[in-house]
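Chemist: Model the placement of chain B with the ligands on the given structure of chain A, informed by the hints.
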Amino acid sequence: MPAELNWHELMPFTHLLVHNLHYIALAFMVVAYTIKIWSILKKPAAREGTPAKGDHKKAIQYSFLLLARPDEMESTRKQWYRWIEFAVFHVAMAVGIAVAFTMPWAHEAMKGSFIVYFQQGIFGIAALIGISRLVRRITRADMRAISTPDDYFCLILLTLWMGSGVMNAPQTSEFWLLSYFSMATFFLFYVPFSKISHYICWPFMRYYMGKHFGHRGVYPKKRIAGA
Amino acid sequence: MSERNVRAEETVPEHDGEKAAQARPGDTTPRKMVPGKEETPVVVDLPKTEREPRDVAGEVVGAIGAIKDGPRVLKTYMETCVKCGTCATQCPVYFGDPSKKYNPAARSDLIRSIYKKHNTRSGKLLGGLVGARDYEDREVEEWVEHFYSCTGCRRCATFCPMGIDNSVITRKGRAILDKLGLTPDTMKRVVEISLETGNTDGATLEAFKAAIEFLEEEMRDEHGIDIKIPVDVEGAEYFYVPPSGDVLVNPEATTGIAKVFYVLGLQDKWTMSSRLFDGANYGLFTGDDKSMKADNEPYIKEAKRLGAKVLFMGECGHAYRIMKMMMEPGKWWGDLPFEIVNCMEFTAEKILTGELQFDKSKNPQPVTYHDPCNFGRSCNIVEEPRIIMEASCQDFREMYPNRGDNWCCGGGGGLSAMDDIYEFRMTITGKKKMEQIRDTDAKYVAAACSNCKRQLTQLMEYHKEDVAVGGVHDMLSRSILINGKAAERVNYDD
Ligand code: SF4
Ligand code: SF4
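Heads up: the protein sequence lines correspond to chains A and B, in order. The numbering of the first sequence is this note's numbering, which starts it at 1 and goes up by one. The numbering of the second sequence is this note's numbering, which starts it at 1 and goes up by one.
For reference, chain A alone in the conformation it holds in the complex (with noise of 0.2 Å):
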């Protein structure tokens, strides 16, 4: 039977870590993030003065929604498969993010055997995608091409992350908690200048697409037959 994590007994910055230096992290994300977006919604909107040759309302959605249709697109319905790494890659981000800020008020409720074998579950193979998508990125020259030191960073370090997450999710030691909870503290203070921000530009991005598009008619995709 492995020892078990005691919460009350966290060596001092350990302590501090969990308790109080990731919230100031997320502060400084949320800041941080608060002063992109505004610097975002400043800059003028590009409207669509042209003729209606389409529903853009629709398009807008569509273009939200694509992210989920992984057979709407000539790229995707090819390669399943990276549309289902990219799925689960982000959830598992997500659920790490969420474990981080529930963990260290609700880790009794979290000793269940479905929630650690779930993070398990999820972490690891998060952890194995980020591995491939590594591999990936080193071994094929296109990726390498357009790679800066940041995609492999983010890559590494998430991967970790994840891997980390593995360990951390039945509690059972302390320095897994801290290797989990660094990390997690670190990208909330990195992750505002790294290419993870993407999804605040997002919404952004993907709502002038659907517009833009979608007012000339071109989203939603016509699916073809033959196609």
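These are computed hints drawn from the structure, not numbers from a lab. A portion of the hints provided could be inaccurate.
Unchecked claim - With a straight-line Cα cutoff of 25 Å, these simulated SDA-like cross-link-like pairs (lysine to any residue) come out:
| hint | chain 1 | residue 1 | chain 2 | residue 2 |
| --- | --- | --- | --- | --- |
| 1 | A | Lys-222 | B | Arg-397 |
| 2 | A | Lys-222 | B | Pro-161 |
| 3 | B | Lys-83 | A | Leu-160 |
Modeler: Same frame as chain A, but now just chain B with the ligands:
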């Protein structure tokens, strides 16, 4: 930045044409290529000035920095690319040659990385770690090759999970090059000729009139009756503006239009202008908004002078796009006393109402349609050409994918006019399109664009494919019934 500017920055399109020592829209003969010799890469020297040396770095960084205060969408393109590589898998150029220089995201990074360095907190703080970098001395000279190897087809944009339109960044790159005097000579020359003469072919009034007379004679031979192509008729309802190639080089599209008006009893209700018969506008390709507008304005004045009710655009994607999607909604010249209609919309509607009849047996060969990117992804004129083709041809077959997902012919963004990159167009940018066409087994490819027609014709010649290339109204011209009879001519090769 005004709404007008927002739109002008919006995208990169395509087209062709050229004059004098250069290529013409429908003229498929490459002028500058030396057989057996390797092409010289498009690398040019910065223009020398006798005055103080230019602060090129300052100009480039300044122009890129201006994006920060520009439209929201371009700013977000600068800050967010997740480097997923999807765009490369959907790009016709990268399909033809998967080198870094043809990778859409890598090309956009030329600008994005400098933007990040000077305009984002992460770039200033973390520099190279987040892909930010400073402008390197003389690198702009290499940008010419990079930005003139994107056809501006926008295919990548419709697939990018973020929604980044790399063609917009390409146009920005070309605009910077243009300001520095680095636009390739071929392209610059076309813009100049068009501004000087009113058409990208630099054709004279005499040449135009001779062409019109020739076409009227042809139609007399085909149908035994006089079908007119009215010129400079004030008070005519429809002012027809084709690409000049559809008058001078591949004129069957224009005879098709003339026949449509004849059958509808609108023979006296339309006109061309002897001064302005070319909607092609290369300012769109060079990123030079000023020239684009200068080229556009005379057409608006001419339409007003003629008192037209409809500016009737021909088979030219970028010309229609400028008029309908940029000039009109952007109110470049205020409110217009006429509407803008594309000839394919008009004809398709008349077919659907049963006003036009055809003898399909005149077009028995397998025929396919190539969607010009400007019509397919920027104007949604995709069903209309199909209505015309299916009505006028016996064996119409699709190539896949098509419509908004089509692959560019490889000559978009003005590349088709650049004979100094002929090999590149034949073996790289046009590779995917060649495959698509072969898969259809068609013997005729229609494209509603002079630019595409030039590129496709050259592709067929280069790859020794026995496939004819033409327009949409060309097929109509051969099979439309006039007084119950279609054209008598059978050999369209000469
Ligand atoms: S598809 Fe979009 S996000 Fe992905 S690399 Fe290309 S431009 Fe960047
Ligand atoms: S616009 Fe077309 S040619 Fe240019 S990068 Fe995108 S897909 Fe490639």
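Chemist: Which of the listed hints are not met by the structure?
Modeler: none
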